[in-house]
Amino acid sequence: MAAIDGGNGRPVLVIGGPPTTNGDLHVGHVAGPYVAADVWSRYQRALGRDVVFASGGDDSQTYVTTTAARLGTSPTELITKSWSQIKSTFEAMGIAVDGFAPTDDDYRSTVYDYVNRLHALGKFRLRTVRLPYSEATGTYLVEGLVGGDCPTCLADSRGGICEACGHWIDFDGLLDPWNLLDPSDEVTYREAEILVFPLEEYRERLIAFHEEKASTWRPHLVSLMRELLSKPLPDYPITYPVAWGLPAPFPETPGQTINAWTEGMPASMYCNHYGRLQQGHRPPTTDDAWRAEHDAELVFFVGFDNLFIWALVHVAELMAHEGRYVLPSTILTNEFYELENEKFSTSKGHLVWARDLVADVPRDVARFYLNLSAPEHARTNFSQAVLDKVAGERLVEPWNELGTTLAKLAVDGEPLPVSPGTQARIAAMISRFRHCFELDSFSLSRAADLVVQHTARLRADAQLALTAEPAALPFRAGDLFLQTRALITCVSPILVDVAAQVAGDGEFEPRLSAEAFDVTHTTAFTVPGLSLRTAGADRPADPAVPTSIV
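For the sequence shown, position 444 (counting from the first letter as 1) is numbered 444 according to full-length UniProt numbering, and the numbering increases by one without interruption.
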């Protein structure tokens with residue numbers, strides 16, 4: 001297990017739910033699971049833990065086919081373009097996935113090994129169900145191919161999961177179904193024999209699992225799980241009689257494909273495996289890191305709208321493998337992130353592409369704002385005008401003033417003494433940041449607020465130090481430079497470019513512990529400046545600034 005563990009406790013496996021490859025990522029996508037997963041993974045590395053953070057394209061979703069039809073391209077061409085765009089967007093945003101896995105032969109083998117093992121263990125059932133059907137095309141309409149109203153909350157929805165309430169919509173459950181590709185088409189129902197996964201058989205184990213986690217997981221997740229587990233659980237489709245997707249390997253369902261959501265767990269295993277390969281390791285199998293004997297800390301970062309799959313279906317699937325795999329330690333959820341108080345919409349053009357945001361705004365500043373306005377427990381809002389005002393007034397201006405003032409206190413090449421009480425201040429600062437980054441109290445918004453708080457505090461102390469008596473000045477300067485160095489360590493999961501620049505100058509302490517700063521002397525260093533605009537960016541004047549950041 002040395003290849004995974006690294007001698008620093010339990011290995012850490014992080015999954016950001018694989019994005020559907022039907023387009024690039026807009027700011028709403030990035031502000032949800034991916035920034036959070038990146039910050040937490042960076043924090044774990046700052047503690048010295050062995051982490052693999054991975055994701056990959058979700059190519060089998062029916063949304064790929066509907067988007068391709070709308071754009072007048074082929075699904076394969078759309079996937080190729082989208083996969084490249086998403087990977088580039090992750091890099092542009094500083095989301096440091098260890099591997100963004102392709103859908104290659106090893107991926108497909110991992111999926112088939114996973115589902116064939118469950119099939120061999122007798123975990124699936126053959127069932128006749130009623131599915132929406134297009135009379136015009138002679139095809140079944142499932143998942144992203146069919147729209148209608150959710151029978152639970154009555155919101156406009158698609159087949160499968162209602163993103164508004166998070167409930168599963170049974171096979172023929174949509175109210176007033178319509179064909180997404182042709183709204184004028186007559187939608188009827190026809191029976192089909194498919195393989196299903198009987199979730200009800202795992203009810204008691206799922207109840208026990210979720211009750212054990214209830215005290216530390218986010219309240220909305222806990223509430224939804226209790227609601228869903230209070231009544232009979234549905235049979236979950238493993239195969240569908242549709243053309244798009246991986247061909248189902250089961251003799252009972254010839255000509256059908258695997259439900260795209262069923263790929264979720266084996267896809268995640270392969271993503272982690274691919275990430276290990278990029279790190280230079282050579283695991284014996286693609287699912288090795290997830291084996292129960294390795295006792296990995298498995299953490300999922302997903303949106304609330306997908307919890308039925310990730311917190312019920314996938315957990316039950318792992319249980320069904322009869323002890324082969326570890327179960328998730330934490331499922332960290334987010335709510336929706338809106339644009340100017342309306343839902344992001346690609347089809348309506350109401351969006352900001354993440355790549356465009358960081359072409360205009362330096363990514364440290366963009367990441368700070370996305371952290372500060374993170375949709376942790378309720379819907380929050382992205383506004384370019386608010387970003388400019390809040391980031392400018394609370395981060396960029398005070399940060400740059402801190403750096404300018406510290407430069408006036410620097411004594412080139414000479415060690416600066418540190419007062420005995422400085423370590424206690426640093427310990428308190430690190431403790432608060434760590435509280436924000438630990439999973440049971442994880443909060444990007446509070447962490448970003450701490451950046452504001454400590455930047456303002458150190459700026460005020462630095463300005464006051466300029467008036468100190470000459471004899472006291474070295475200690476005041478030493479205290480400030482050491483605390484600023486500790487602050488940069490604390491904010492390194494968020495302000496990744498500032499941390500990288502200081503590290504390049506040899507001044508960065510990568511360990512997020514008070515002991516790392518238990519010194520009697522330190523040295524001056526240059527604090528990298530921040531800007532509200534990427535060099536060369538040209539943008540028209542912003543609209544009036546709203547009064548709230550959420």
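Just to be clear, a hint being listed does not mean it is correct.
[Claimed, not checked] Taking CB as the label site, the calculated pair distances span:
hint : residue 1 : residue 2 : range
1    : P151      : T216      : 26 to 36 Å
2    : A292      : D497      : 51 to 61 Å
3    : T216      : K87       : 31 to 41 Å
[Unchecked claim] Listed below are the simulated BS3-like cross-link pairs for lysine-lysine, each with C-alpha atoms no more than 30 Å apart in a straight line:
hint : residue 1 : residue 2
4    : K343      : K87
5    : K408      : K389
6    : K348      : K87
7    : K343      : K389
Just so you know, the hints here were simulated from the structure itself, not pulled from any lab data. Quick reminder that beta carbons are idealized off the backbone N, C-alpha and C, glycines included.
message: Assuming the hint says 31 to 41 Å, is it satisfied by the Cβ distance from T216 to K87 or not?
response: Since the Cβ atoms of T216 and K87 sit about 33 Å apart, the hinted range of 31 to 41 Å holds.
message: For K343 and K389, compute the direct alpha-carbon distance and say whether it is at most 30 Å.
response: Between K343 and K389 the Cα gap is close to 22 Å, so the pair holds against 30 Å.
query: Would the pair K343 and K87 pass a check requiring their Cα atoms to be no farther apart than 30 Å?
result: 24 Å, holds
field: Verdict for P151, T216 (Cβ pair) under range 26 to 36 Å
entry: 32 Å, holds
message: Holds or violated: K348 and K87, Cα atoms, limit 30 Å.
response: 24 Å, holds
field: Assessment of proposed distance window 51 to 61 Å (beta carbons of A292, D497)
entry: 39 Å, violated
query: Does the alpha-carbon distance linking K408 and K389 stay inside the 30 Å limit?
result: 28 Å, holds
Checked against the numbered hints given earlier, this structure breaks only hint 2.
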